[in-house]
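**Q** Combine both chains into one complex, guided by the hints.
In order, the protein sequence lines correspond to chains H and R. Using our numbering, you'd call the opening residue of the first sequence number 20 and step up by one each time. Using our numbering, you'd call the opening residue of the second sequence number 14 and step up by one each time.
Hints in this document: simulated from the structure, not taken from any laboratory. One thing to keep in mind: the hints can contain errors.
[Stated by the list, open to error] Only pairs whose alpha carbons sit at most 30 Å apart, straight line, appear in this in silico DSSO-like list of lysine-lysine: (1) R:K57 to R:K40; (2) R:K40 to R:K64; (3) H:K20 to R:K57; (4) R:K57 to R:K84; (5) R:K64 to R:K84; (6) R:K64 to H:K20; (7) R:K75 to H:K125; (8) H:K20 to R:K75; (9) R:K40 to H:K61; (10) H:K125 to H:K87; (11) R:K75 to R:K57; (12) H:K61 to R:K75; (13) R:K84 to H:K61; (14) H:K20 to H:K61; (15) R:K57 to H:K125; (16) R:K84 to R:K40; (17) H:K61 to R:K64; (18) H:K125 to H:K61; (19) H:K20 to H:K87; (20) H:K87 to R:K57; (21) H:K61 to R:K57; (22) H:K20 to H:K125; (23) R:K64 to R:K75.
[To be verified] With the Cβ distance kept under 7 Å, some of the chain H side facing chain R (calculated, not the full set): (24) G62; (25) L63; (26) L68; (27) F123; (28) K125.
[Unchecked claim] Computed Cβ-Cβ distance ranges for the label pairs, DEER-style: (29) H:T64 to R:E85: 22 to 32 Å; (30) H:K125 to R:M18: 21 to 31 Å; (31) R:R27 to H:Q73: 41 to 51 Å; (32) R:R28 to H:P33: 42 to 52 Å; (33) R:G16 to H:R74: 27 to 37 Å; (34) H:D58 to R:L51: 11 to 21 Å; (35) R:V96 to H:S72: 38 to 48 Å; (36) H:D58 to R:M18: 13 to 23 Å; (37) R:E85 to H:S31: 45 to 55 Å; (38) H:S89 to R:E85: 44 to 54 Å.
All of these numbers come straight from a predicted model, not from anything done at the bench. No residue lacks a Cβ here, since even glycine has one placed at the ideal position from N, Cα and C.
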Amino acid sequence: KQEVTQIPAALSVPEGENLVLNCSFTDSAIYNLQWFRQDPGKGLTSLLLIQSSQREQTSGRLNASLDKSSGRSTLYIAASQPGDSATYLCAPAGSGGGADGLTFGKGTHLIIQP
Amino acid sequence: NAGVMQNPRHLVRRRGQEARLRCSPMKGHSHVYWYRQLPEEGLKFMVYLQKENIIDESGMPKERFSAEFPKEGPSILRIQQVVRGDSAAYFCASSPLAGEFGELFFGEGSRLTVL
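One chain only, chain R, in its complex shape (with noise of 0.2 Å):
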């Protein structure tokens, strides 16, 4: 069973540009979580998504950012006319269940920089 899948593990951007990260769960989790780790700080959550829902996007920038999680296909955090502080490493995360016994397994991560 192959871990949360995310690419691409680097990437680099001009300001302006779009960023779009992948996120492929672990095989039978429908719960997926976005985080945020800036230099020398914690991981802020970003965005809780079921399949095809957007749960909570409370931690998610009004702006220029966006999330989705088709019903096929991977989870995908979209971010327009990136700026340097986008910089960050953004970490995804996958749950079978929800509440209590709702242990979340993280990918690698991708890493974002912004010229």
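In isolation and in its complexed conformation, chain H is listed as follows (with noise of 0.2 Å):
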């Protein structure tokens, strides 16, 4: 059964820092591993796929990264700003997440302040 670790829990930082959110996970054997980020009261908005032969993948100011057999991804945030306030999802494809679905950690709720 596949478990995701994400760290740390919670993060408060100035705006302009650069950002890294870490995230393990028990089962290499996955198709895929999404980042997504949740706002209060809202669902989830994806922010990258990585698929299982690829290292990482980059969308503007973010980067995430993905060591497969090592079970781990980082999400690489530059210059945060107060906009990127909101939890953080990290969840791998494939093992244990029902045929081709995800298995999520508990997140990583972001704050930047102004």
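**A** Below, the structure written as structure tokens:
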């Protein structure tokens, strides 16, 4: 059964800082890994999808890396802004998530102080 | 191209009533997933469906819960005889593909409150 751990659970930093959010998972037999953000009372917004054959993906100020063999992924946020405040969720897909579904961590609750 | 549409956004039921949650996937998506998010907990997989087929329901409680994705119309998650412990946010996601290239897109969720 896949288990996903995200560290830190919460993070509060002043705007402008570069951040690293960590995700580890126990079963490396995954198809891909997605990073999402969730705003309070809202749904999930997909940020990045890294396929199992890839090492990283970039979108704007976001960069996600994947080390499948060690069961780790990191999300790097450059030049953070108050609008980045949200909960960030890591979700590998494949084993244990229901066919091709996702297994979620509990997330990192991020606050960017203006 | 509209996103994943879920309704109702909020639903209040008394214990013993039925709850029906609907999900219309993005256009062209034939893979639908339902997840449940309990307060202060992560999202948990419930069921994975393709048109007219349940592919994996290993995350669904054995009793009172059922899901369908008919040939025409939205996917439905049905909860019979609701109890207070069913209060949660229920999220639907859809994907055009399975496997490595299958990016999931989520709806805004349906928040069920059982009185």
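**Q** It remains to establish, for every hint, whether it holds in the given structure.
**A** Cross-check of the supplied hints:
1. For the hint linking K57 of chain R to K40 of chain R, the alpha-carbon distance of about 25 Å falls within 30 Å, and the restraint holds.
2. Between K40 of chain R and K64 of chain R, the direct Cα distance comes to roughly 13 Å. Compliance with the 30 Å bound is thereby established for this hinted pair.
3. Note on K20 of chain H and K57 of chain R: the hinted pairing holds, with a Cα-Cα distance of about 13 Å set against a maximum of 30 Å.
4. Between K57 of chain R and K84 of chain R, the direct Cα distance comes to roughly 26 Å. Compliance with the 30 Å bound is thereby established for this hinted pair.
5. Among the hinted pairs, K64 of chain R with K84 of chain R is consistent with the structure: their alpha-carbon atoms are about 6 Å apart, no more than 30 Å.
6. Taken as a hint, the K64 of chain R and K20 of chain H pair is honoured in the structure, with Cα atoms around 27 Å apart against an allowance of 30 Å.
7. Between K75 of chain R and K125 of chain H, the direct Cα distance comes to roughly 25 Å. Compliance with the 30 Å bound is thereby established for this hinted pair.
8. A C-alpha spacing of about 19 Å is found between K20 of chain H and K75 of chain R, which places the hinted pair at or below 30 Å, so the restraint holds.
9. In summary, the hint linking K40 of chain R to K61 of chain H is supported, as the alpha carbons are separated by about 21 Å, within the 30 Å threshold.
10. Distance check on the hinted pair: K125 of chain H and K87 of chain H sit about 20 Å apart at the alpha-carbon level, within 30 Å; holds.
11. For the suggested pair K75 of chain R and K57 of chain R, the alpha carbons sit about 15 Å apart, so the restraint of at most 30 Å is met.
12. Pair hint K61 of chain H plus K75 of chain R holds up; C-alpha atoms about 28 Å apart against a cutoff of 30 Å.
13. Between K84 of chain R and K61 of chain H the alpha-carbon distance is near 29 Å, which keeps this suggested pair within the 30 Å criterion.
14. Taken as a hint, the K20 of chain H and K61 of chain H pair is honoured in the structure, with Cα atoms around 28 Å apart against an allowance of 30 Å.
15. Distance restraint check for K57 of chain R and K125 of chain H: the Cα-Cα separation of roughly 10 Å lies within the 30 Å cut-off, and the hinted pair is therefore satisfied.
16. With a C-alpha separation of about 14 Å, the suggested pair K84 of chain R and K40 of chain R falls inside the 30 Å cut-off, and the hint holds.
17. Taking the CA atoms of K61 of chain H and K64 of chain R, the gap is near 27 Å; set against the 30 Å cutoff, the hint holds.
18. Restraint check for K125 of chain H and K61 of chain H: satisfied, since their Cα atoms lie roughly 16 Å apart, inside the 30 Å limit.
19. Taking the CA atoms of K20 of chain H and K87 of chain H, the gap is about 16 Å. The hint holds against a cut of 30 Å.
20. Distance hint between K87 of chain H and K57 of chain R is fulfilled; the C-alpha atoms sit about 22 Å from each other, no more than 30 Å.
21. Taking the CA atoms of K61 of chain H and K57 of chain R, the gap is near 16 Å; set against the 30 Å cutoff, the hint holds.
22. Restraint check for K20 of chain H and K125 of chain H: the C-alpha separation of about 16 Å stays at or below 30 Å, so the hint holds.
23. With a C-alpha separation of about 22 Å, the suggested pairing of K64 of chain R with K75 of chain R holds against the 30 Å cut-off.
24. Using the Cβ-Cβ criterion of 7 Å, the hint placing G62 of chain H at the interface with chain R is satisfied: the shortest such distance is roughly 4 Å.
25. Taken as an interface hint, L63 of chain H checks out: its beta carbon lies about 4 Å from the nearest beta carbon of chain R, inside 7 Å.
26. For L68 of chain H, the interface hint holds, since its Cβ comes within 7 Å of a Cβ in chain R; the closest pair sits about 5 Å apart.
27. About 4 Å separates the beta-carbon of F123 of chain H from the nearest beta-carbon of chain R, less than 7 Å, and the hint is met.
28. The restraint placing K125 of chain H at the interface with chain R holds, with a minimum CB-CB distance near 4 Å, inside the 7 Å limit.
29. Checked against the given bound of 22 to 32 Å, the beta carbons of T64 of chain H and E85 of chain R, roughly 29 Å apart, stay inside it.
30. Hint check: K125 of chain H to M18 of chain R, Cβ distance near 27 Å, so the stated range 21 to 31 Å holds.
31. With their beta carbons about 49 Å apart, R27 of chain R and Q73 of chain H fall inside the hinted range of 41 to 51 Å.
32. Distance hint check for R28 of chain R and P33 of chain H: the Cβ-Cβ separation is about 47 Å, which falls inside the suggested range of 42 to 52 Å.
33. At about 29 Å, the beta-carbon gap between G16 of chain R and R74 of chain H stays in the expected band of 27 to 37 Å.
34. For the pair D58 of chain H and L51 of chain R, the beta carbons lie near 18 Å from each other, so the given range of 11 to 21 Å is met.
35. Between V96 of chain R and S72 of chain H the beta carbons are some 44 Å apart, a value that agrees with the proposed interval 38 to 48 Å.
36. Look at D58 of chain H against M18 of chain R: about 18 Å separates their beta carbons, and that is inside 13 to 23 Å.
37. The hint said 45 to 55 Å for the Cβ distance between E85 of chain R and S31 of chain H, and at roughly 48 Å that hint holds.
38. For the pair S89 of chain H and E85 of chain R, the supplied restraint of 44 to 54 Å holds, since their beta-carbon distance comes to about 46 Å.
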